[in-house]
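Asks: My request is simple: use the sequences and hints to build the entire structure.
Counting from 1, one number per residue, gives the positions in the sequence shown under our numbering.
Quick caveat, the hints were computed from the structure, so don't treat them as lab data. We treat Cβ as the ideally placed atom computed from N, Cα and C, and that holds for glycine. Hints should not be assumed to be uniformly reliable.
Pair ranges (Cβ atoms, derived) [said to hold, decoys possible]:
| id | residue 1 | residue 2 | range |
| --- | --- | --- | --- |
| 1 | Asp-108 | Asp-33 | 46 to 56 Å |
| 2 | Arg-99 | Thr-55 | 46 to 56 Å |
| 3 | Glu-79 | Val-105 | 53 to 63 Å |
| 4 | Lys-106 | Ser-31 | 43 to 53 Å |
| 5 | Ile-43 | Ser-109 | 44 to 54 Å |
| 6 | Leu-36 | Asp-108 | 51 to 61 Å |
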Amino acid sequence: ELVSTNHERAYVLPGKDGPSGRTLRLGLLPSKDPSLPRTANIIRRRSHAVWRCQTGEELLNFLQEEFPQLDVGTLVSKEQAESFVSMQPKEFPAPQFVRGLHMFVKEDSGAAGVALLGDCIHAFPPDIGQGVNAALE
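Replies: This is how it looks when you write it as structure tokens:
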């Protein structure tokens, strides 16, 4: 039986327990359009075993072992698996921060104001662009 999801909700599908740093989770992002396919993100270090899969078949076997609750062969085609292993993994940039903020305004200008929106206390990955959305809410 396939996993059924609501297209407007985000989900995390945990893999089986494994050695620390090896366990996979699939993150499914929400979509307003239910006709669009749901993508599942894998965010792991470059040294993780998933990135060492060389063929689509090897990837499908790996994912089936990691996610025994899913019928991976039904959810991921051989063509999609081949496409995945042919890509180069990307890395997020190093986190950045500012130690202080200063604003200089002419004392008698009659206009001064600052609006500072931050998004530093949540777990949104930087690739989905939801940090500023959360700050605005």
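Asks: Broken hints, numbered, in rising order?
Replies: Checked against the structure, no hint fails, so every one of them is satisfied.
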